[in-house]
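*Asks:* Chain by chain, the residues:
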Amino acid sequence: MARKSAPAAADHMWAAFEAEALPHLDRLFRLAMWFERNRSEAEDLVQETMIHALQSFHRFQPGTNCRAWLTTILQNVRSNRRRARGRSPLVDDPDDRIGQATPFVPPLPQQLTDEELLAALRRIPAPFQEVIVLCDVEEMTYKEIADALAIPLGTVMSRLHRGRALLRAELGAPTQSLNRRRAGI
Amino acid sequence: MECRDVREMADSFLAEELLTETNHEILRHLDTCPACRADLAGRRALREGVQRAFHRAPDLGPSPEFIAQLRATLQNPAHHAPARRGVRFQSWWALAATVLLAVAVGLAYRGRDWITATGALARAAVGDHRNCALQFRLAEKPTSLEDAARRYGASYRVLESQPPNDVMTAAGPAHVVERHACVYGGRRFAHIVFTYRGERVSLLVTAVDGAVTLALPGETLPHLTSPSRLDGMSVVSFRAPRQMVFFTGDVVENDLVKLADAVAEPLYRGLAASESVGARYRSWTSAVEDVYALDLGIVSSPVGAHASRAR
Chain A
4 MARKSAPAAA DHMWAAFEAE ALPHLDRLFR LAMWFERNRS EAEDLVQETM IHALQSFHRF
64 QPGTNCRAWL TTILQNVRSN RRRARGRSPL VDDPDDRIGQ ATPFVPPLPQ QLTDEELLAA
124 LRRIPAPFQE VIVLCDVEEM TYKEIADALA IPLGTVMSRL HRGRALLRAE LGAPTQSLNR
184 RRAGI
Chain B
5 MECRDVREMA DSFLAEELLT ETNHEILRHL DTCPACRADL AGRRALREGV QRAFHRAPDL
65 GPSPEFIAQL RATLQNPAHH APARRGVRFQ SWWALAATVL LAVAVGLAYR GRDWITATGA
125 LARAAVGDHR NCALQFRLAE KPTSLEDAAR RYGASYRVLE SQPPNDVMTA AGPAHVVERH
185 ACVYGGRRFA HIVFTYRGER VSLLVTAVDG AVTLALPGET LPHLTSPSRL DGMSVVSFRA
245 PRQMVFFTGD VVENDLVKLA DAVAEPLYRG LAASESVGAR YRSWTSAVED VYALDLGIVS
305 SPVGAHASRA R
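Protein chains in written order, with my numbering: chain A, 4 to 188; chain B, 5 to 315.
If we strip away everything but chain A, and leave its shape as in the complex, we get (with noise of 0.2 Å):
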């Protein structure tokens, strides 16, 4: 049986990361952004995660979640730049912090802008915006954001669950202000 040159196969494992992983370069760059808040770190994380995924691609199994696979290792890479800086781990658990109280949940304002959208998800806990984000944002599954933070699959939907009351709590309170003050409370 003929077997592939080594640069035959390099090329065509690269024709197949350009087709698979490059285009949602984007969208992981974004995550990246959110989660590290500084463009400078946001390139340097998004290199190396695409380096460990070019190097790793004849791991990947196509036909599954490219995007998640991305996503996956992007979270890896940053728990390891995390510790390796001696930071505190991404796996913190906050759910002792926040205890088991679910805030009040009030009515949503009918018009809300991106910019209010993103600050009142800036404002909870990063545990949470980081589930809410694979999962409304990259519309990951809850069994691929387990994978992707390392975390118990329940662990997943109760901070999806209050994570979510927490923003609603956030974007409800400005508007309960507004209203109070333009009603001379």
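Keep in mind that the hints were calculated from the coordinates and are not lab data. Don't take every hint at face value.
To be verified - To spell it out: a stretch of chain A is covered by chain B in this simulated footprint if at least three of its residues, at any positions, have a beta carbon under 8 Å from a beta carbon of chain B; those stretches are:
#, region
1, 29-41
2, 47-58
3, 144-153
4, 166-173
Only a predicted model underlies this, so the values are computations on that prediction, with no experimental measurement involved. By construction, the Cβ of each residue, glycine as well, lies at the ideal position given by its N, Cα and C atoms.
Chain B: place on chain A using the hints.
*Replies:* Showing chain B alone in chain A's frame:
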């Protein structure tokens, strides 16, 4: 279903993470409840709003210069070689010593592997039973067995008709109420739910991979998986050629064994035939022995010998 239930599951409903039956219950509730419809519309609008805002935010996007530079970096052949992982050894002696140690540890633990692996599978089966058959709460929505057969292998098709919908056991009748494929704890199961002895009881079939490779004597016949209950559930299992088959539910162990006994033989035959291990025309007990022999490496090809064993 009440408003409180719908609101608790609303986000999972929007994320398409619920069972088909639960979706239908929610849709039925929404037909008659304007308040929940409004709540759901609000949640949907919030999801879509966050997604839109995220994709449109100009300060989150990559610069064209970065994209161009990254493409150039990735096209560099130096980055195309598969990543090498592992420890750099100071000398070949150190490497040889490490390999010997690893082999010794591996041999010492090999005998325990099947216990650990079967225990992990049994816990996953009990978890699936609780989440899917009792609480209707799963991360991934179940799919039909036919769909699973197309995607993951012919053995799922066997479970479409095996066991039959009505089974008579020595402890009374069992009736199938649901058949599907679902995922729990990262493991895919063919899942059949019975009503039996006044309880919901699950039959769960999952592919055996890497960790479980050794079929022990008696493992291919239904037996209690654990001397005590797992998470409050009785568990009975047997080993098929390429699968583990679990029965679990909040019923007395002996009753569960009777259900397993009533369905095991035809189910084993069906699974064996679907995997083409050559068991189609042999008796169940001889097929059991053959697979046992194959797994132990006693023979290297499908066996013709017909060993017999009293059950």
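*Asks:* Which hints, by number, does the structure contradict?
*Replies:* none
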